[in-house]
Every structure is written in C-alpha cells, then in structure tokens.
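Dock chain B against chain A, hints included.
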Amino acid sequence: MDGMSDEALFNLYRKGDASAFEVLYQRYRQSLYLFLLRTCDSPADADELYQDAWSRIITATKPFGEGSFKAYVFRIARNLQIDRFRRAHLKPVSDDEAMQQVSDPAPTPDVRANDLDCTERMKRQLASLPKEQSEAFLLKEEGGFTLEQIAEMVSVGRETIKSRLRYALKQLRKMLEDCL
Amino acid sequence: MTQQDQQRNPTDDRQLSELYRASRNEQPAAELDKAILAQAHAQARSRRRRWMLPLSTAAVILLGTSLTLTLVQPPVSTQLPDEKTDVMSEALEEMTPKASSPPAAAPAMKRQAVAPAGEPPVLELQSAMPSRAEMDKDVLAPMERRASEKKRENSSFGQAMAEKEAIEVLRTPEAWINDMHLLLRDGEVDALEQELAAFREHYPDTPLPPELEVIRKRPK
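From first to last, the protein sequence lines stand for chains A and B.
Position 3, counted from 1, in the first sequence is what the working numbering calls 9; the numbers after and before it change by one each time, with no gaps.
Position 134, counted from 1, in the second sequence is what the working numbering calls 1246; the numbers after and before it change by one each time, with no gaps.
So that you can see chain A by itself, here it is in the shape it has in the complex (with noise of 0.2 Å):
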C-alpha cells in the first residue's frame, strides 16, 4: 500500500478502508502540521487548525476532483486559515504592504545574536515575513508545489507568487547570512 498513489490510497479510504489513510496520514502528517505551525499565530491555533483540516478530509463526502491530493490537503489548511483571519477581523497584509515591510525591514536584536541556533532563527526570521510570503515560502518548501500550483492555489498570477518568493529569499538569506 505504500507504492501506491495519494489519490489511489483517498479512494480505497472513502470506501471504508481505513489503512488507506493510516498511510496517506502519514505522508502529510508533518509538512500540514509545520505549514499551519509556521503560518499561524500560536502552536494551539495550529493545533486546532490541524485537526480541523484532517476532519475536513476525513468527512469528505465528495471526490477532490482535479489536482492531486496534496493540493487538497494544502488548500483545506489555507481556506480554514483565511477562515481563522476573518473570524479574528484580522486583515492578511497586502502584497504593497508585505513589499514595504521587505524594503524596510527591522530586525529584532534576538535574532540577529550570534548565541542562537541557526535553525532557530530560521524559525524566527520565517514568522517576522509578511503572511504572503512566508505562505509561498512555506508551500514550495512543505508542500514541493511549483510556481504554478502555488499561484493556482492562492488564486494569483504567477508573477506576484515570483515577486512574493523572490522577497522571502532576499529576506532571510539577508538575515541568515551568516549560517549559510
């Protein structure tokens, strides 16, 4: 059952076979968990986000229909998180917001301190971007989506999901510069 595909594995688990999603459960199990961990405010909202995504997979009563599984999976985790936002009226920052934030950075003292772990402050330096592009970051990195599959997902053009990208590298490869 390992060889088989995500979408062979979602099948055989909607007719009743529950050892389809042990495994399918176990491929996604830490690339969701960290992508909401790392987009969310706090480890309980990714906690409860989590659960909620996995219960949204789990109930589906409908085929994901085109686009594979992972896709599912990630745009399930980001629709509950843009849910999150607007329960909370918090407004996702604008990509002309996120770009002044990137041109004008101010990088707290702690993270630049030579004493922390670099994989530590990657974690830092990851949750001080703007939403948008830690979002690309996060995608192309947990989920290996493409530049397409990233835009189709958060429903912009290619080019804005290059530029938020682009940023995000220019950013932390900035403030990382010297555990590279």
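Honestly, the hints are just simulated from the structure, not real lab data.
Any given hint could be a false lead.
[Claimed, not checked] Here are the simulated distance ranges between beta carbons:
1. A/Asp-184 with B/Gln-1139: 26 to 34 Å
2. A/Glu-13 with B/Thr-1180: 40 to 48 Å
3. A/Thr-152 with B/Gln-1151: 29 to 37 Å
4. A/Ile-88 with B/Glu-1138: 19 to 27 Å
5. A/Gly-73 with B/Arg-1161: 24 to 32 Å
[Stated by the list, open to error] List of simulated lysine to aspartate or glutamate pairs, DMTMM-like, C-alpha gap at most 20 Å:
6. A/Lys-76 with B/Asp-1145
7. A/Lys-129 with A/Glu-147
8. A/Lys-129 with B/Asp-1124
9. B/Lys-1146 with A/Glu-54
10. B/Lys-1146 with A/Asp-23
Ideal placement from N, C-alpha and C gives every residue a C-beta, glycine not left out.
Same frame as chain A, but now just chain B:
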C-alpha cells in the same frame, strides 16, 4: 546554491532550503494523531456499513428468491418408498410372463418411461433398484407365499365344485368333446367317464362321437 545562483534563479535557494529543512523538528502532538486516526477509523466503519446495507439486502433477496423457487418447483425425489414399490411391482409384472427377457434392464427402462425426459434421477433410481436376487427374496417370495395361501384357501370342496361348474358352463360342446378325446388318447378312462357324464348333463341333446358314445354307454 551561491548568491550568484540565487540571483540567476531568484525563487530557488538550496542553502536556505537546507537550513529550513534542518529546522523542521516539530511534530503534531500524539493526542492529535490519536484523535484524528480515531475519527478516520470511525468514518471508515460508517462507510463500510453504507456498503454493507445494500450488499446484505441483495443477499437476502437472492436467498429468498432461490428458496421460493425451490419450494414452488416439485421436488425430484429418488427415494420415495411408495414410488419405488410401485415401480418394482410394475417391473415384476413385466418380468413374470417374459422369463426370457433380460431382468436387469426392465426396472431402468420402466423408470425412463415414468420420469420426464432428460432428468438425472434415472441413473440414481437404477442404482436404488434391487438386484434380481434381492427382488426374488424381497418381493417374489412373499407373492408366491400369498399365491399358495390363496390356493389353499380355494381348495375347499364347495369352491372347487363351483369353479368346475363355472368352467363347464363356459365350455362349448366342441371344446368339451376335444378335451374328452385327449383324455381317451391318454387312457384316462375314469376321468373320461366323469367328463362324459357331465357333458350329457349339460348338453343332453348334443350327439357324441361314436367312440365316446360307446364308452359312455359301457356298463360300469
């Protein structure tokens, strides 16, 4: 990827990717895993039940239909004692007057005539039929016993006379005269005299052939 590489391909930075991968050390809590998998198993059970309901319904309908068909169709039994006895009696009747006919073939042939064409029980019946020796033992012997008993019962004097009278009444004068000629030829004089007396009693006006008339008139 160096900084120059990153400038050529600004959305791909291998060094940053490696550093990010090194930072991936968080895991979802075990309680979360447990809760999610429990929900998934419960949902899977529910989905299996959803498949099972139409499946079991179809199975029940199929079973019911086949049972109904079995009950409606007449049973084809090979071991009904009455039927077997009837068939054996019929076979015996056929066998008894024709002693030269092959006895073993008769029951099967008779059964083939009784059973509908193409039905398999013919072979089973052949195997169920007794052999000739068994028939002699089980059927023929009791019948012979019954026949001899009947003969003994009929041997009383009155019945014998009645039978004789009945035979004589039915016998024509010509047939009677023929019988008496046979007795004369065999030298059964006493029997011939009795027959002549009886003949004359029944047919007083019928003339007898001279050779019989001589015997009748002969002083006893």
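Now the hints, each set against the structure:
Separation of A/Asp-184 from B/Gln-1139 is about 28 Å and conforms to the stated range, judged on CB atoms against 26 to 34 Å. Against the hinted window of 40 to 48 Å, the Cβ-Cβ separation of A/Glu-13 and B/Thr-1180 comes to about 44 Å, which satisfies the hint. Between A/Thr-152 and B/Gln-1151 the Cβ separation comes to about 32 Å, which falls inside the hinted range of 29 to 37 Å. Roughly 22 Å separates the CB atoms of A/Ile-88 and B/Glu-1138, a value that falls within the hinted 19 to 27 Å.
Range check, A/Gly-73 to B/Arg-1161: Cβ separation about 30 Å, and the 24 to 32 Å hint holds. For the suggested pair A/Lys-76 and B/Asp-1145, the alpha carbons sit about 19 Å apart, so the restraint of at most 20 Å is met. A C-alpha spacing of about 13 Å is found between A/Lys-129 and A/Glu-147, which places the hinted pair at or below 20 Å, so the restraint holds. With a C-alpha separation of about 18 Å, the suggested pairing of A/Lys-129 with B/Asp-1124 holds against the 20 Å cut-off.
A C-alpha spacing of about 14 Å is found between B/Lys-1146 and A/Glu-54, which places the hinted pair at or below 20 Å, so the restraint holds. The straight-line distance between the Cα atoms of B/Lys-1146 and A/Asp-23 is roughly 17 Å, inside the 20 Å bound, and the hint therefore holds.
The structure shown violates none of the earlier numbered hints.
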